[in-house]
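J.: Residue strings, one per chain:
6 protein chains.
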Amino acid sequence: MTDLVTFGETMLRLSPPGDERVETADEYDVDVAGAESNVAVAAQRLGLDAAWLSKVPDSPVGRRVTSELRQHGVTVDVAESPDGRLGTYYLESGDVPRGNNVIYDRANAAVTTATPDELPTERVREATAFHTTGITPGLSETLFETTRDLLSLASEAGTTTTFDLNYRSKVWDPAEARAAVEALFPDVDVLFTAQRDAEHVLGRDGDAEAIARGLQAEFDFDVTVVTRGSEGALAAIDDEVYEQPTFEATDDHPVGTGDSFVGGFLSRFVDGADVPTSLEYGAATAALKRSIPGDIAVVTPGEVESVIDGATAAISR
Amino acid sequence: MTDLVTFGETMLRLSPPGDERVETADEYDVDVAGAESNVAVAAQRLGLDAAWLSKVPDSPVGRRVTSELRQHGVTVDVAESPDGRLGTYYLESGDVPRGNNVIYDRANAAVTTATPDELPTERVREATAFHTTGITPGLSETLFETTRDLLSLASEAGTTTTFDLNYRSKVWDPAEARAAVEALFPDVDVLFTAQRDAEHVLGRDGDAEAIARGLQAEFDFDVTVVTRGSEGALAAIDDEVYEQPTFEATDDHPVGTGDSFVGGFLSRFVDGADVPTSLEYGAATAALKRSIPGDIAVVTPGEVESVIDGATAAISR
Amino acid sequence: MTDLVTFGETMLRLSPPGDERVETADEYDVDVAGAESNVAVAAQRLGLDAAWLSKVPDSPVGRRVTSELRQHGVTVDVAESPDGRLGTYYLESGDVPRGNNVIYDRANAAVTTATPDELPTERVREATAFHTTGITPGLSETLFETTRDLLSLASEAGTTTTFDLNYRSKVWDPAEARAAVEALFPDVDVLFTAQRDAEHVLGRDGDAEAIARGLQAEFDFDVTVVTRGSEGALAAIDDEVYEQPTFEATDDHPVGTGDSFVGGFLSRFVDGADVPTSLEYGAATAALKRSIPGDIAVVTPGEVESVIDGATAAISR
Amino acid sequence: MTDLVTFGETMLRLSPPGDERVETADEYDVDVAGAESNVAVAAQRLGLDAAWLSKVPDSPVGRRVTSELRQHGVTVDVAESPDGRLGTYYLESGDVPRGNNVIYDRANAAVTTATPDELPTERVREATAFHTTGITPGLSETLFETTRDLLSLASEAGTTTTFDLNYRSKVWDPAEARAAVEALFPDVDVLFTAQRDAEHVLGRDGDAEAIARGLQAEFDFDVTVVTRGSEGALAAIDDEVYEQPTFEATDDHPVGTGDSFVGGFLSRFVDGADVPTSLEYGAATAALKRSIPGDIAVVTPGEVESVIDGATAAISR
Amino acid sequence: MTDLVTFGETMLRLSPPGDERVETADEYDVDVAGAESNVAVAAQRLGLDAAWLSKVPDSPVGRRVTSELRQHGVTVDVAESPDGRLGTYYLESGDVPRGNNVIYDRANAAVTTATPDELPTERVREATAFHTTGITPGLSETLFETTRDLLSLASEAGTTTTFDLNYRSKVWDPAEARAAVEALFPDVDVLFTAQRDAEHVLGRDGDAEAIARGLQAEFDFDVTVVTRGSEGALAAIDDEVYEQPTFEATDDHPVGTGDSFVGGFLSRFVDGADVPTSLEYGAATAALKRSIPGDIAVVTPGEVESVIDGATAAISR
Amino acid sequence: MTDLVTFGETMLRLSPPGDERVETADEYDVDVAGAESNVAVAAQRLGLDAAWLSKVPDSPVGRRVTSELRQHGVTVDVAESPDGRLGTYYLESGDVPRGNNVIYDRANAAVTTATPDELPTERVREATAFHTTGITPGLSETLFETTRDLLSLASEAGTTTTFDLNYRSKVWDPAEARAAVEALFPDVDVLFTAQRDAEHVLGRDGDAEAIARGLQAEFDFDVTVVTRGSEGALAAIDDEVYEQPTFEATDDHPVGTGDSFVGGFLSRFVDGADVPTSLEYGAATAALKRSIPGDIAVVTPGEVESVIDGATAAISR
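Residue numbers (UniProt numbering), protein chains in the order written: chain A, 1 to 317; chain B, 1 to 317; chain C, 1 to 317; chain D, 1 to 317; chain E, 1 to 317; chain F, 1 to 317.
The shape of chain A in the complex, shown without the other chains (with noise of 0.2 Å):
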């Protein structure tokens, strides 16, 4: 039995090396990319045993993306289409004042038309927890209707069901995504949300303690984490409220810092550890996932312990 069943795109990432714009560069980086997989993969590195379900091209772009996850143990179950393309993203990186700047080549993805009965839906039924993001609902009319059906059957199993609301404003408008997700969330189990996505996309005011207490009157959620950027995070779950600084972190390398906190998060949470707890490990995964290079939290749990203890940064020899 698997804990952790995630399922949503995983993309091809092409970034030119060091500060090289993508106009100029003569070679991109290679790397994977994708919300519920780089969750796996963080869960999966940290103890539980976790599985990504999807659907890629029967290519050797497709085995690009499969082979990088099954590299750190994450059981992957996936359709293998004859058609249809695998979803990729130029990631340009630099300094101020240029920051990061994504440019997106995901449309017609294999992925988007994934339909349940070409996944492996028995092992959604049999896991502790499923997990997927809002980005997979707004890929496709099909993806949304997948997605609905497996976090309902996810539901109906008894297993928990996990969202990340992720909203991602080069895929939908706030008025579509807030429709899409909130048909979602009676079967949602446990929220995570950006303040500013809840905002924007929900229509939330107040702080982050009165958006998560009102989100999770409203919909019922067993627990609703709020993130804040580098104020930290935030979990409401019954009538309490954790708060969650965020670790001293590099801005070397952001991009999946908020997956490896929700796979921080959740290798505890579903192991059984208490919101608290589950907090502290997000928070030191996302820390570490900043000095990583690539979309994935290529660490261990005694690094993600080191960063909870405070260990200094001297040279260990």
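Errors might be hidden in some of the hints.
Short derived list, chain A residues pointing at chain C, Cβ under 10 Å [as the list claims (entries may be wrong)]:
hint, residue
1, Arg63
2, Arg70
3, Gly73
None of these hints come from the bench; they were simulated from the model. It should be emphasised that the depicted structure is a prediction, and the values quoted were computed from it without experimental measurement. Where is the CB? At the ideal position from N, CA and C, for every residue including glycine.
Guided by the hints, dock chains B, C, D, E and F onto chain A, whose structure is given.
T.: Okay, now just chains B, C, D, E and F, sitting in the frame of chain A:
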């Protein structure tokens, strides 16, 4: 006034360095690749004033293509699209028994929606020659129509029209291709075709000379050039047939050989040279290309002439 | 149940890029290399469910090996040691007259202390086949005993045992090797040996067929496969001898050719195919390997079948 | 008609990757670097039609420069010399306390023999503006004369002349530089100078405003721009003085900051914008440059405007 | 006659490029690293005639070390061993919160069997100074004895002996280290120790000055240098104590800072300079090292003096 | 006492990686290249105590050369010049029909002003042999005189003088070269010349043997070695002529083959071996060089002997 105007799709080519595989490589080399722009670059570098018309996304990815083509002096005159993507292809190369493998990801490129009113058609009317290939009309219904219209208006304006059949089995099947290109042939003055495409797509048989004469007779081309891989090329004009063997060349970088042949041929032909001279220039340019990475013939007139003169490859110092 | 379980040492391979030298290079390419894991990867990629058993240090260096093997789908089931190191080897490659030079740094690797009680022996008992090589018992007295015990328990459990002689002159001398492997032969069902090792280590003479029949007779193997470098391979089974020529292949990446042959052979043989089919698959896998960097045959069934079918290496597009 | 014509030397810049040292590196990154061509590229990318005049050797090394500049859309109109070399410089960069070290190897470059009759002087006459720097007249007696003649004929033709003092202590001493540039000032309309050059070379004192007003008064410039490193810039025009602070920016890639400021300024000023707008554009372009490797500001108008608008550097997706 | 003779182990350092991880990188940068050879290189580059004695395998891997050290002008006088290996270490670097992680693979290096009769002891006798560190006697019983013998014969010959405590927790525990180094102290003239090692290994307490005076008193050193990381260093000599703050420096390349301090100090001290001058030189060399990749201070006297003079890091051109 | 002292120019060689072109590459590999230092390195690595005299700029660029030569153990004894540059050359390599193209940028190198009083002429007097080439006197009038003086003082001191004609058409024309080198011949004991240079520059005809005997007779050399590319070499000494065929070797890295031949020859000849032995060593060293990137023969005596023994290129493990 431009000597040679070309029209077609140009893609990003992503290839693992050296003999690496797409599935396992951590970086891909980035090149710019398009049958018509390859021809434009070769012709420009060899002395013509060449232009490339197309439609690209208004993004760093689109500019990756336009800036590289401009680097070789080609006039880039493209519609920039707020939507749409740039086609890409993955190229994996290996020595025997692996060979070269191409994985296209070119559906829905911005260029597939290009219509004549978006393009600087005055350039076509005023040019000495207009060149496109049998790939372009295969990419979308719109592009078939645009190709037809551009050939037609070139024809009306007295611009010499040149066309490379360039059949791609991953784009369409032979019957579709035949119907489309034969519909375009009435406005074509100079045809380039590989012997295997003439057989497989156009249903021709006999030896290369018979094929050239047969096509000449049926479609009333001014010049019909039939290429035969390592066996060289042959051109029919009026009652004459000229043969041109290949020059000795490595197998290191074969992609783009055909386009370099056409570019080298046109660099002389459009400048008024006779067919045997043009064939020789084409064959020498093609030979040089095989020693140069990427899709593009980064050559000089002096180098082409050295190949024709049979200069030895000793170290020049 | 696993189809094929393998056991042995896997090292980090450090090699200067291109034709550079170990003495002067400023970076080394990193690959993962082990005779038995090479076989496991080839067999897994070609359709079997394969596992690799070993012992590695519990460190990022140990994980460098396990994560790369998992990437190809192999089940990695290893003891993790708090002490001990990972064996490494330096590989320097050059064209004629340099050739390939291997410098081992493998003494005292964690695996040299591996005992059966640290290993998942149930996997061996339940597998269809168990594979190891003549390198493993040469690495330490402990490993000789562990190899013997694993072959013995496999034999008792009815698991087919396969063994590649794989003599390494930098590990031990021929007399030591002969004594050790002949002590293991009673529990071996399928033997692979290079003709030169049969001569040099086992003291055989005559042509390859005579050698195969002689070994068969003396040690009562079910199948005896004798490889002859560029002259192909030959297998004796019952009263039959089958010959298999090599497929044409480059000399670019020869390291790992032999393991790829065994992996390809076993991918069919363990699946129930007859010996001629298995030989052909082995030879085609070996040919493909020679075009692929590293120790590992990153191949697909389709590619192996193309080599068997003699598909040409023209650009496929 | 060209908006902005520039004239000067462009060199190959050879720099060890990352923090490596010239003495020990095994490869050097290759960039194209010239004060005037840097300005032309920035201005072209930001909307002007810009040209660069110079003299380069007729060789692949010369073409290394011209093709990179053409890539950004700049019109390259150069004399090609059968003799002479291309100037190079070695750039070594390191963090504190190392800093950046430049080693010039620019003596006897082909450009040092460039005379007006080798250059397309009609372009200068017909342009809206002509730009050069105080480096050019320091490179040879011939170049001093050519610079003087081009400024003079621009002036006569009604072309606005702009001049960046750009003192280089490795080219000449302050007294030589002062005599030369003051001899050119009568034909200069817009002067750019660093405050430290105004002090050290032109013998000015007082604060930046006093310096600007003093130069304005003495040499009758239309506009006098004084830059003050991290303290921003200031421009005197008629009776007004405008100040422009710098935008926040990294120290990663400082080489080329000054040229980017001038290029950004001219992209608006030559297009008719007022001085405050031009200063702001210059400062934003300079800030962006500091995040981009090489000498050249690979920027877009949208990026410059984002900096001006103070858009945050969060990941845009 | 050599000014400074050093003795100790030098390893290959293997580190993933940039921020990559050992577990996932496909190439490792190769550097040469040894506490004593680092000192020899710094001292040689800063003006001494320095030598390094050791024992290395007679192989390309051994030559990887000796040729890099010779490159800096150091006299390499080593025993070459037909057996044995070269020690290696893996270094993984990352920004906060990751820090630097060292994984040693140094057991059984050829140097661990080095005895005085294999080494050119005449060099030690004839040198002005002899330097080794507290790492060397920790590597094997043989090396403890060899270190003791070399210090003893240096002492007898009137060669100044200098010793850097350099405690390594991955080599031995504090009690073992204390017993060993205290047994060597009678033959040591100049001691270098980090304050934390003095506390942790030698059981000292109080502030740095108290520690220096206490060690001085107990072991009768001529000079006792106590380093305090970012707080600078302090030296006791006779009745005087001199303090030296650190120079401002990046955290980019911290490995080797301590050895560079010692090398810079000795470059002046062995040449006859007083202690304050030597401290200043040491601190400036250490600061420069932090901006330079690898273990070795690739510096020049001019650069060290610029740091001392507080020259700004503006671009020098 | 040095066995072999050499004198000449050494340049930085800048070459695009792989098959890339100078015009389009974004990085150049950096190598150190000089006919005389190439000989010194080969001879040192093969057992002689060799030195290289020259004049280089006192800069990191100059040290780039001296540190790489020292790495191979060569004694570097050079004048360091505050002025002047280091010569460079661009090397572009490609397979057929491209070949190798050299673009020199060597005018005004610091070495062109080197006079005997700047050089350690005692080394020449005390050496067993002194070597230079026909490139050196072609670089400047001063260098012609210095070469003449060094040969003369070597001759007087009883040092064997060896001279490789090494005609460079990009340095001077055949008539100039002939006049210069014939003026030096009276002080030359051993001449190396390519057959084509003997014909083209010295006006010889007939076969290689006739040429060798003719030069021997006219200029009274002790030994006259004539090389014939792939046809091998031949040496005349007294009344004997010895022939040496080439060993089989790749065409991958041909630059430096001739210098490696001379270095290999001298490594034995200066050590007292007879001419046939020296020829064989030279030919084997030259063959190995062709498999090694850069200008320098990074070889060992064992490797040279393996080539002579015809050891196969199978993987040694």
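J.: Evaluate each hint against the coordinates.
T.: Hints, one by one, checked against the model:
The criterion of a C-beta within 10 Å of any C-beta in chain C is met by A/Arg63, whose closest approach is roughly 9 Å, and the hint holds. Nearest Cβ of chain C to the Cβ of A/Arg70: about 5 Å, under the 10 Å cut. The hint holds. For A/Gly73, the interface hint holds, the least distance from its beta-carbon to any beta-carbon of chain C being 6 Å, beneath 10 Å.
The structure agrees with every numbered hint stated previously.
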